[in-house]
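Undergrad: So the chains spell out like this:
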Amino acid sequence: DSGVTQTPKHLITATGQRVTLRCSPRSGDLSVYWYQQSLDQGLQFLIQYYNGEERAKGNILERFSAQQFPDLHSELNLSSLELGDSALYFCASSVTSGGPGETQYFGPGTRLLVL
Amino acid sequence: GQNIDQPTEMTATEGAIVQINCTYQTSGFNGLFWYQQHAGEAPTFLSYNVLDGLEEKGRFSSFLSRSKGYSYLLLKELQMKDSASYLCAVPAGAGSYQLTFGKGTKLSVIP
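These protein sequences, in sequence, are chains A and B. Be aware that the first sequence starts at 2, since it is given in the numbering used here, and climbs by one per residue. Be aware that the second sequence starts at 94, since it is given in the numbering used here, and climbs by one per residue.
If you are wondering where the hints come from, they were derived from the structure by calculation, not from laboratory data. A few of these clues could be false.
[Stated by the list, open to error] In the SDA-like style, the derived pairs of lysine to any residue whose C-alpha atoms are separated by at most 25 Å in a straight line are:
{"hint": "1", "chain 1": "A", "residue 1": "K58", "chain 2": "B", "residue 2": "G124"}
{"hint": "2", "chain 1": "B", "residue 1": "K196", "chain 2": "A", "residue 2": "E54"}
{"hint": "3", "chain 1": "B", "residue 1": "K199", "chain 2": "A", "residue 2": "S3"}
{"hint": "4", "chain 1": "B", "residue 1": "K196", "chain 2": "A", "residue 2": "N52"}
{"hint": "5", "chain 1": "B", "residue 1": "K199", "chain 2": "A", "residue 2": "K58"}
{"hint": "6", "chain 1": "B", "residue 1": "K174", "chain 2": "A", "residue 2": "K58"}
{"hint": "7", "chain 1": "B", "residue 1": "K150", "chain 2": "A", "residue 2": "G4"}
{"hint": "8", "chain 1": "B", "residue 1": "K161", "chain 2": "A", "residue 2": "D2"}
{"hint": "9", "chain 1": "B", "residue 1": "K196", "chain 2": "A", "residue 2": "P71"}
{"hint": "10", "chain 1": "B", "residue 1": "K174", "chain 2": "A", "residue 2": "T14"}
{"hint": "11", "chain 1": "B", "residue 1": "K174", "chain 2": "B", "residue 2": "N123"}
{"hint": "12", "chain 1": "B", "residue 1": "K196", "chain 2": "A", "residue 2": "D72"}
{"hint": "13", "chain 1": "B", "residue 1": "K199", "chain 2": "A", "residue 2": "T104"}
{"hint": "14", "chain 1": "B", "residue 1": "K196", "chain 2": "A", "residue 2": "G102"}
{"hint": "15", "chain 1": "A", "residue 1": "K58", "chain 2": "B", "residue 2": "K161"}
{"hint": "16", "chain 1": "B", "residue 1": "K196", "chain 2": "A", "residue 2": "T104"}
{"hint": "17", "chain 1": "B", "residue 1": "K150", "chain 2": "A", "residue 2": "E103"}
{"hint": "18", "chain 1": "B", "residue 1": "K174", "chain 2": "A", "residue 2": "F65"}
Keep in mind the model is a prediction, meaning the values are calculated, not measured.
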């Protein structure tokens, strides 16, 4: 158990809908990272928040957005869902903003199925 | 940008030794990570190398050659529970610490 929690574990929804995934980092960690993992693409970095501010952006679609709240939990919002958005979504956390060698600890993931 | 190559799948026998290779190309090197991921579960941290050479941690060792853009993960005394995907990852580029992951090597340990 990494100490990172994610809810819900599973989510089934329809195309065109909007969902929110939630992540709580390990106690004391200030950074939260979101990743998408699909069978053909592997683990893809989406976005990082550090202490409430967006720190880095990866391959995140415009239909997706995220935020980090004062209590450091984070939410990933996915809208206008498409079949191709079906994937495992992982949240990870680290102590600071991500210095050399700083380990990221992953949560158990949310499995999203878009029908 | 970054490019990471790993074999897609490997099979090895319980009790044996297996080496999983990773080659990378990155603009500015800030170390290399190995993660283990069991099917449907979260990736878990195995090792971090920033200097050349071999780092040993129990049954698992990781090697890095920066000049060759090459790393490997060595697993000794294989156990059935080592059946998992092994992901190689490097920071996204010079001055960036966001990780770019390889697609992973799926290791199957057979009796």
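Undergrad: Given the hint that K174(B) pairs with F65(A), test it: the Cα-Cα distance must not exceed 25 Å.
TA: 36 Å, violated
Undergrad: Assess, step by step, whether the Cα of K196(B) is no farther than 25 Å from the Cα of P71(A), and give holds or violated.
TA: 34 Å, violated
Undergrad: K196(B) and D72(A): Cα distance at most 25 Å?
TA: Violated, because 33 Å separates the two Cα atoms, which is more than 25 Å.
Undergrad: Against the 25 Å threshold, does the CA-CA distance of K196(B) and N52(A) hold or violate the hint?
TA: 29 Å, violated
Undergrad: Would the pair K150(B) and E103(A) pass a check requiring their Cα atoms to be no farther apart than 25 Å?
TA: Holds: K150(B) and E103(A) sit about 18 Å apart, inside 25 Å.
Undergrad: Measure nothing beyond the straight line between the CA atoms of K174(B) and N123(B); if it is 25 Å or shorter, mark the hint as holding.
TA: Violated. K174(B) to N123(B) sits at ~31 Å, over the 25 Å cutoff.
Undergrad: Assess, step by step, whether the Cα of K174(B) is no farther than 25 Å from the Cα of T14(A), and give holds or violated.
TA: 34 Å, violated
Undergrad: Straight-line Cα separation of K58(A) and K161(B) no greater than 25 Å?
TA: 29 Å, violated
Undergrad: Could you grab the alpha-carbon distance between K150(B) and G4(A) and see if it respects the 25 Å cut-off?
TA: Distance ~22 Å between K150(B) and G4(A) Cα, so the pair holds.
Undergrad: Checking one constraint from the list: CA of K199(B) to CA of T104(A), max 25 Å. Satisfied?
TA: 22 Å, holds
Undergrad: Given the hint that K196(B) pairs with E54(A), test it: the Cα-Cα distance must not exceed 25 Å.
TA: 29 Å, violated
Undergrad: Given the hint that K199(B) pairs with K58(A), test it: the Cα-Cα distance must not exceed 25 Å.
TA: Outside the cut-off at roughly 28 Å; violated.
In summary, the numbered hints that this structure violates are 2, 4, 5, 6, 8, 9, 10, 11, 12, 15, 18.
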